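Asker: Below, each chain spelled out in residue letters.
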Amino acid sequence: MKSIKIKADNLNVYYGEKQALFDVSMYMEEKQVTALIGPSGCGKSTFIRCLNRMNDVIDICKVQGKIEIDGNNIYAPSMQVEQLRERVGMVFQKPNPFPKSIFENVAYGPRIHGIAENKSDLEEIVVNSLKKAALFDEVKDRLNDAGTGLSGGQQQRLCIARAISVNPDIILMDEPCSALDPIATARIEELMGELKTEYTIIIVTHSMQQAARVSSRTGFFHLGKLVEVDKTETIFSNPSDQRTQDYITGRFG
Amino acid sequence: MTDRIEQRINSLNKRLNSEKRFRIYCIGAMSFALAWVLILFLNIFSSGYSAFYRTVIQVDVPFLNLIEDTTQFSEMSSEDINNLSMYSFSKKAIYGLFPDIEEKKDKKMLIRLFSIEFEQEIREFLKSNKSNINETETIYLTASDDVDQVNKGNYPRDLDEDKRRIKDIQLLFFDDLVDRGLVSYEFNLPFLMRGDSREPELAGVGGSIVGSLFTILVVLILSFPIGIFAAIYLEEFAPKNRVTDFIEININNLAAVPSIVFGLLGLGIILNTFGLPRSTPLVGGIVLSLMTLPTIIIATRASLRAVPPSIREGALAVGATKMQAVMHHVVPVAMPGALTGTIIGLAQALGETAPLLLIGMVAFVVDVPQTPLDASASLPVQVYLWSESAERGYVEKTSATIMMLLGFLILMNLAAVLIRRKFETKW
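In order, the protein sequence lines correspond to chains A and B.
Quick note: the first sequence uses our numbering, first residue 1, plus one each step.
Quick note: the second sequence uses our numbering, first residue 254, plus one each step.
No lab work stands behind these hints: they were computed from the structure.
Heads up, a few of these hints could be off.
No more than 27 Å apart at the CA atoms, straight line, and that leaves these computed lysine-lysine pairs for DSSO-like [stated by the list, open to error]: (1) K94/A <-> K361/B; (2) K361/B <-> K273/B; (3) K575/B <-> K119/A; (4) K100/A <-> K62/A; (5) K493/B <-> K100/A; (6) K575/B <-> K66/A; (7) K196/A <-> K66/A; (8) K493/B <-> K18/A; (9) K493/B <-> K62/A; (10) K675/B <-> K100/A; (11) K62/A <-> K361/B.
Just a sample of chain A residues kept apart from chain B, beta carbon distances all over 10 Å, derived [as the list claims (entries may be wrong)]: (12) N12; (13) Y14; (14) D59; (15) K62; (16) P77; (17) E86; (18) R142; (19) S151; (20) I183; (21) A186; (22) M208; (23) V227.
Quick caveat, the model's predicted, so the values are computed rather than measured.
Quick reminder that beta carbons are idealized off the backbone N, C-alpha and C, glycines included.
All chains should be modelled from the sequences, with the hints used to inform the complete structure.
Answerer: Quick look at the structure:
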């Protein structure tokens with residue numbers, strides 16, 4: 001068994017009066033892809049946004065319970081959220097490059113964290129990040145062009161490059177392919193296969209095939225509860241819960 | 254079957270006809286509005302353009318009569334020239350136009366063809382050309398307002414003499430001068446450079462232009478940073494609760510407060526309590542800032558709100574602090590909108606009159622202000638002041654001032670459009 005990177009313990013999340021997550025407990029293994037599946041509104045996005053505390057942005061959101069990354073509770077008062085997000089990168093559903101140049105998009109993270117010592121350092125980080133995101137060859141001649149001028153798939157890979165530019169341990173992907181065509185999706189999935197040698201990846205997806213293709217473990221969420229989490233083969237071939245069975249066979253969701 | 258098809262065609266025709274009617278209504282409404290704007294512009298332009306040139310009369314001034322040797326002028330300082338007594342000398346130079354006149358009454362009438370500052374104009378000519386004054390110099394002296402208006406055709410000559418400000422004998426003099434080719438037009442530069450005056454031919458908008466510019470500068474310096482920061486705080490940082498709701502409602506209300514109320518506030522607090530100098534662009538600017546702030550805040554908040562939240566999330570997700578996310582990514586995108594709002598707010602402030610009346614910027618100020626702490630008029634107040642004056646000359650000057658004001662407003666709105674076009678983020 002691989003070592004455990006993230007461990008959620010009895011996580012409850014509320015949006016105002018409404019409870020969005022009920023007693024979720026699960027762990028995620030280091031340098032593996034963990035997929036979270038489930039019907040819309042089941043809480044899988046809420047859960048992944050707890051892992052880098054993006055939910056802090058929402059005023060009415062309240063989180064109870066514990067999430068440990070490498071044994072440290074990220075909801076402890078001593079945890080600084082900016083530092084956490086440096087270690088836990090995130091890629092969003094809709095590609096959201098900054099309305100700046102491709103270079104600036106990737107250079108922004110290292111710059112604010114003071115990772116690069118000088119200009120050539122920064123350039124090296126940008127080039128490496130773009131290479132790791134399998135985007136460099138396509139944009140190497142136009143690093144000063146606007147990032148928003150790229151195609152959807154390229155924009156999403158730019159966002160992945162932006163996420164890995166600050167050298168995180170973990171990359172969260174919240175339905176990264178839902179706005180992309182099948183070819184761009186295939187490229188991102190291929191990329192995930194490469195990235196998992198270096199990073200722990202958590203992916204929320206609507207596509208069960210995608211979960212089956214890219215992940216080693218899969219969690220199934222339903223109505224805010226984690227119904228089942230297990231090895232991906234087990235979930236898709238021999239789930240232990242009837243609801244999982246119904247969902248993966250397409251009876252609902 | 255054919256009945257049904259016919260029915261359909263009928264109903265379609267009805268719909269198309271009503272669409273045609275609707276379009277005609279819309280075009281009609283637009284044309285009506287446009288016609289009024291056109292009438293306004295035509296009216297102002299036709300009565301105002303003549304203020305941009307003025308009538309001057311050529312007079313030969315025999316400087317040799319003032320001094321034995323005209324080269325001596327070059328050794329005199331401006332002070333010395335100011336001390337020269339030139340009044341009767343200048344009058345004699347003007348009498349030289351009609352050497353045959355003997356009667357004192359007629360001479361007085363002749364002098365009145367000129368602006369009362371004729372002596373001063375000759376002195377100024379002497380000062381600026383003192384190094385090479387000939388024995389006799391031809392100087393273009395400003396004609397009096399009555400002559401100016403007659404020359405421009407704005408003044409009826411066929412009224413009874415006792416109903417006219419300009420007398421028959423003066424018209425005789427004038428017509429003779431015209432025949433001799435001594436009367437001419439020139440561009441009215443003094444109108445753009447000078448301050449207000451009791452004499453229409455000497456009054457200028459320079460003072461009120463500078464006053465308006467100082468006022469707008471004060472408004473810009475005060476309300477732009479305050480407005481932008483307030484908007485950023487309210488939109489990005491403030492918690493959404495009763496207090497911020499209350500603030501928001503009040504800012505929106507503030508935008509609808511009649512401007513004269515701000516004038517009362519300025520009178521009561523800024524002048525009386527804080528004792529800042531009356532009638533100055535500084536106070537005017539402070540009062541107008543209060544009025545402009547809500548406009549800027551509302552416009553800036555709207556453009557901040559238009560920035561997609563995904564940009565903020567993108568920045569936060571790489572570990573930016575909230576302030577970094579806002580200042581590095583949200584504000585630059587929102588800036589063109591904020592600037593546009595600011596310029597439109599400034600344009601509003603530029604045309605505002607009522608609050609300035611209350612804080613004393615309605616005073617008669619002759620000097621062009623040098624700093625925002627000097628008493629001054631402003632363009633809209635100048636319009637108000639001149640529109641009340643009886644002399645003919647102020648009619649064209651009122652319209653000309655409105656033209657300047659409209660010119661500045663059009664320029665500012667143009668700047669707003671250009672800024673928006675140039676810096677708008679393309680997605």
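Asker: All hints, please: hold or fail.
Answerer: Now the hints, each set against the structure:
no.	hint	result
1	K94/A <-> K361/B	violated (87 Å)
2	K361/B <-> K273/B	violated (71 Å)
3	K575/B <-> K119/A	holds (25 Å)
4	K100/A <-> K62/A	violated (34 Å)
5	K493/B <-> K100/A	violated (30 Å)
6	K575/B <-> K66/A	holds (24 Å)
7	K196/A <-> K66/A	holds (25 Å)
8	K493/B <-> K18/A	holds (18 Å)
9	K493/B <-> K62/A	holds (16 Å)
10	K675/B <-> K100/A	holds (15 Å)
11	K62/A <-> K361/B	violated (93 Å)
12	N12	holds (23 Å)
13	Y14	holds (17 Å)
14	D59	violated (6 Å)
15	K62	holds (14 Å)
16	P77	holds (17 Å)
17	E86	violated (4 Å)
18	R142	holds (15 Å)
19	S151	holds (14 Å)
20	I183	holds (23 Å)
21	A186	holds (24 Å)
22	M208	holds (26 Å)
23	V227	holds (28 Å)
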